[in-house]
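In my numbering, the protein residues as written are 12 to 343.
Read the hints as simulated data drawn from the structure, not as lab findings.
Computed from a predicted structure; not experimentally measured.
Do not rely on the hints blindly, as some may be mistaken.
What the hints assert, rightly or not - Listed next, the in silico DSSO-like pairs over lysine-lysine satisfying Cα-Cα at most 27 Å (straight line):
1) K295 x K241
2) K214 x K295
3) K259 x K214
4) K331 x K214
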Amino acid sequence: MKNLLVTGGAGFIGSNFVHYLMEHTDVSVTVLDKMTYAGNHASLEGLPSERFELVVGDIADAAVVGPLTERADAVVHYAAESHNDNSLHDPRPFLDTNIIGTYTLLEAARRYGRRFHHISTDEVYGDLELDDPERFTEETPYNPSSPYSSTKAASDLLVRAWVRSFGVQATISNCSNNYGPYQHVEKFIPRQITNVIDGVRPKLYGEGLNVRDWIHANDHSSAVWTILNKGEIGQTYLIGADGERNNKDVVELILTEMGQAADAYDHVIDRAGHDLRYAIDSTKLRTELGWTPEFHHFEQGLRDTIAWYRDNETWWRPQKAVTESKYIELGQ
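Based on the provided sequences and hints, a complete structural model is requested.
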């Protein structure tokens, strides 16, 4: 695979994957991105023009998707509407992008016989009780709880159907919560970091006991590249780095790492239907494909992330005021 089409490559996780490819491989990359509020030209600045191209377009537009797929060796599908709060406010864009967009890409991959890798989320499995000793595996039944996670579950099932019914050469990965460079300041960790930088007290949903399984975006990127090269067609692989932390602990760790009192935050009204706990068992990925994360400890990755936001204020500053005004309207 020398030429990849990466959908959503101007977004958070997709742009980290593009940077990973530029640094660790010799492949050429075409990014297809609609450039909604979540896409950012600045996330792709400085990439070598001889190996990188950005195409602004919609993954649901077959006339755009077809030619790009034809000239690629493989499609890596990151593009998605992914913000839970937004999906509760207006679900329709999530159906258009996550379901119709994935269908359009699968049809192009089918037509041109291209390798396809689909990026999904652990949220398709619903949530676990806080005291449940189990973790999600590839065999866990789907039980999505929001318009976002239900449309991602639907897109996963489309991929499985196109593999079985049409022989599309596809794999799926479901990953735990990502953090790291280039993440929009509406998201939990960068919002807290940038609030502290601005001298604003962080905000915590409810009591903050909801647990997420965190993974640095660089580790997600290396896992996807591993699956793309070594994964068995038709298989699903869960990506996680054993980073379970509840939201309260994460906020307090951010404050402590940034030289603030650990309790210098405010509680806000909890999100409707807020999932309790996610936890990933990535044994299959590690044992069958030999993948291991670089950031073995969440604290290590969080320090790296705090440093990036401190050093790259020009990247996140233009987003900050608009994002906070929206949260103020929501009372959060």
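Okay, the hints, checked on the actual structure:
no. : hint        : result
1   : K295 x K241 : holds (12 Å)
2   : K214 x K295 : violated (36 Å)
3   : K259 x K214 : holds (10 Å)
4   : K331 x K214 : holds (14 Å)
The structure fails hint 2 only (numbered hints given earlier).
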